[in-house]
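Heads up: the protein sequence lines correspond to chains B and Z, in order. The numbering of the first sequence is this note's numbering, which starts it at 1 and goes up by one. The numbering of the second sequence is this note's numbering, which starts it at 1001 and goes up by one.
For the record, the hints were derived by calculation from the structure and aren't laboratory data. One or more hints might be untrue.
Cut-off 25 angstroms, straight-line C-alpha distance, at most; resulting in silico cross-link-like pairs (PhoX-like, lysine-lysine) [what the hints assert, rightly or not]:
id, chain 1, residue 1, chain 2, residue 2
1, Z, 1004, B, 91
2, B, 7, B, 65
3, B, 91, Z, 1078
4, Z, 1267, B, 65
5, Z, 1007, B, 12
6, B, 123, Z, 1078
7, B, 91, B, 12
8, Z, 1193, B, 91
Chain by chain, the residues:
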Amino acid sequence: MAILECKNLFKKYGAVEALSDVTLSIDSGRIIGLLGPNGSGKTTLIKLANGLLMPSSGEILIDGKAPGRESHAIVSYLPERTAIPIWMNAKQLMDYYEDFYADFNRSAAEEMLEHLGIRPNQKIRQMSKGTREKVQLIMVMSRQAKLYFLDEPIGGVDPATRDYILSTIISNYNPEASVIISTHLISDVEKVLDDVLFINNGRLMLQTSVDQIREEKGMSVDELFREVFKC
Amino acid sequence: MLKKLLKHEFRATARTMLPMYLILLVASLGANLTTRGLLETEYPILDTIGVILVMLFVMAIIAVCVMTLVTMIERFCKNLLGDEGYLSMTLPVSVHQQVWTKLIVSVVWFAATAAAVVIAFCIMAFDLGVVKQALDVLVGLLRELWQNMSAYYALNGTAIVLELVVLVVVGLAANCLRFYAAMALGYSFANYKLPLAVVFFFVIGGVEKFLLSLAMNLLHIVNVADLFDQILIQHPMTMTHTVFVGCIVSQLILSGIFYFLTTYCLKNRLNLE
């Protein structure tokens, strides 16, 4: 069974169509790049998958079920903004994740925090924006989830942090799980991707594997992206 | 999961409420100095200090009450509808558990604030005879009640106290849910979320008042007032219970409507920025 399935999915904000007739299926064990220019509908799709928005029509299923409390237990979601309560310290945040997510691996989280030199009793409020993003990513990647949604995980961070984030994703995700990474910084993530989804103006334009792009088109994902989305 | 949500909600709100209670305690101790005679000395500086201490006490009471309300609103708004909503609303819990958590914790803090204010007044007036006098009156009343109590009055008295407690709790819950419903409705729109939440709050209040006046007019038309007067004279206890139960039921109906609006919006019209 596909871990993520969309059937004729539409999402409208008033008269504006954010997603239009999206049909796709994603299997377990893949790292997928959800690629598209700004405002193409990437975040809307991720929000729909997390039950933060309701579809205007069509269906979105996580492991065969509509988004809800059951899917939340198997999905680990990194939003494009800092969503962790900033009044907490890192230890309290781990308590929080441990309480609600049965698949949270506390020792993995503690190890990553220590590796980055983040003190567990340091308030998140006192951390820099980049450190907050790292802490949030550590919490998300310390779960042994079936499906990970990472919305712009490397946007707005320096190249060294980008490398750390990508290595964290690769070294921590459950190999039987799927990871969906939304970004427009393709060259940075290309090396970790198995498949890509190209999305523009709310429409799914392409779903294929990275190997296929290289073999059939003879170009990198970044080059294909620039060609497809040429202004 | 409700237990875990409650634990974290209390942890999140206690960091605001407990310091507020501490400030109130300190202010009431200060006011106690004033009531002990700070204003009656021959030193003007002590008079000034006494006035300031009383003012601080009044301000502390107002601040605690306002902060209880602000915390109730802020927690719902920030934790469910703001950036934290991206985490809260993707926890493996239901929307009902989220709303119940906010509601239970808010009602508990409102009750705690009421208790803290009463205690603060007792501290302020401590050792002045006022508390002792009040306690003496209360004990005298209870003793008299105990002596004159028949099974009829004992049962009804207990029932009335219980009805009063239930009414206070349900009334508090209805008030919290009124705010939640207004916020959930306002924040379900793409723009002007906060202004719309304020508008919805007043619209809900207006509709409530309109329906209440409509109901009163209907009662007036069917001439229920006379019937009530007769019952009040012949069966005063029955009338008292009827009024209490009527108030509880009306608050429960309001709570049910606000709860439905809130959970409907959070489930179907959630629109985080």
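Hint by hint, which ones does this structure get wrong, listed from lowest number up?
-> 5, 7, 8
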